[in-house]
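**Q** Residue numbers (the numbering used here), protein chains in the order written: chain A, 476 to 700; chain B, 10 to 282.
FYI, nobody ran anything at the bench for these hints, they're computed from the structure. A portion of the hints provided could be inaccurate.
As the list claims (entries may be wrong) - Ranges of calculated distance between the beta carbons of each label pair, as one might list FRET restraints:
#1 A:S691 - B:N152: 51 to 59 angstroms
#2 B:E270 - A:M499: 25 to 33 angstroms
#3 A:E693 - B:R145: 52 to 60 angstroms
For glycine and all other residues, C-beta sits at the position ideal for the given N, C-alpha and C.
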Amino acid sequence: MAYSRSHILTPFTEKLDQIHNSIMTIAELAKANFENAIFGLFKRDNDYCNTAIANDEEIDLLEMQIDREGLYIMSRFQPVASDLRYVISSMKIGANIERIGDQVVSIARRSRKINEHPEVPELHELDKVIKLSMKMFDDALRAYTEENETLALHIKTQDKQLDRLNKELNERLILRMQDDSSKIPIYFNLIFISRCLERIGDHAANIAEDVVFAVSAEDIRHLGS
Amino acid sequence: MNQQIKNSTEQVPSEVMSPSSDMETFIKVINFNFFYGKKQTLFNINFAIPTKHVTSFIGPSGSGKSTLLRNFNRMNELLPGVRHEGDIAIDGKSIFDASIEIIALRRRIGMVFQKSNPFPRSIYENVVFPLRIMGRNKRSLLNETVERSLRSVALWDEVKDRLHENALGLSGGQMQRLCIARAISSQPEILLMDEPCSALDPIATAKIEELIVELKKEFTIVIVTHSMQQASRVSDLTAFFNFGKLIEFDHTHRIFTAPIEKQTEDYITGRFG
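Go ahead and model the full structure; you've got the sequences and the hints to work with.
**A** In structure tokens:
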């Protein structure tokens, strides 16, 4: 059954709308920040990196605000069934988006370090990992707004693909390190960024799991891993 | 005139709602319909209530939950023009069987009402009232029953020094616990509670709820409540009624986290109407 935040009790509806809007806000911020960090890396522009690092504070504050809103709803309205699942999932999704924000900060910091060196062609080895991790994050947010269980389940399969891409990239870059030790610091930071992107995929998969729980009450964590 | 039917436990339909096959059934409601004159208020109810668990009946006013509860001890028969179809079996035997004596049936079923209704007598006499009706007046038995019953409802320490004072001097919460003590003094098997906390403050309510959880070790408890929180706090199983129909019956945690029926979802989340 499709979830509706509309209730007989108007203040309850308003608070559910409020936590929904907060999730949308933190999601948009994290997404924009993710793009900032990637721009900083590819345009070799530290201003983008610094913006991404500075904006994370707002994401942290929004995560705390979402928790406060969730606790308020639980204490004041004692939600049950789909409402309870929605509030719990929203709080967990807020936390996962905040952790995506932390990974973005790490990417921005590593990007600044890479930008200290001349550009290397291996930077584009990250293309597929970036594209897939961004798509997973986008899909997870779309699954949340559309209550799209099918899309959420698809993200879980994408996560395996992302893990594989990250592993293959690591292996290639480790081989290059052996060929050209002067570029080890750059390759090391690229490996680190790839790992951050892989973790962003993990958080997107967590969001997908929370969406499935909110929509159908099914707990799909740790299945077939 | 009530329609008498034979024990029909052998005719239990396969679709009888029972949340768990490993729970031992104590009350079984089978194809049950109920009428006030021409007006039908319960429609083909089928489900099984397990022994020594707390089962909550929830639903909007007029949904039939109290009507069904009052059929378990055949209290509805006190009303004129009522009739039923189908059967209710307790421990495998129809309560409408011709061999069943109503007084004996009600002795097996204690009942607690919304408004506490102690008799204008002493605390002691309130508790032993069911025993006196049964003609059991031996002092040692009565004393033992008073202490055991009052201890069961956590009232003994509060009233042991004033057992012979008028029960109407107790607080609202104490009076309700006294009524529960009276209901269990004859050691029934089933305890029916019809909104037992609706007139009580939160502390008195918490004491009664604590008591309900404790009493299920000895009794099969069925409670009608309008409080969703109360149903979710104290009951193991919850039945949702609407317009005289049993819409959903399941483990309480399931009803309050992921009900199957949209009507249940809409009611418990406050979207009804």
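**Q** Against this structure, judge whether each hint is valid.
**A** Consistency of the hints with the structure:
no. : hint                                : result
1   : A:S691 - B:N152: 51 to 59 angstroms : 58 angstroms, holds
2   : B:E270 - A:M499: 25 to 33 angstroms : 31 angstroms, holds
3   : A:E693 - B:R145: 52 to 60 angstroms : 56 angstroms, holds
When held up to the earlier numbered hints, the structure conflicts with none and fits them all.
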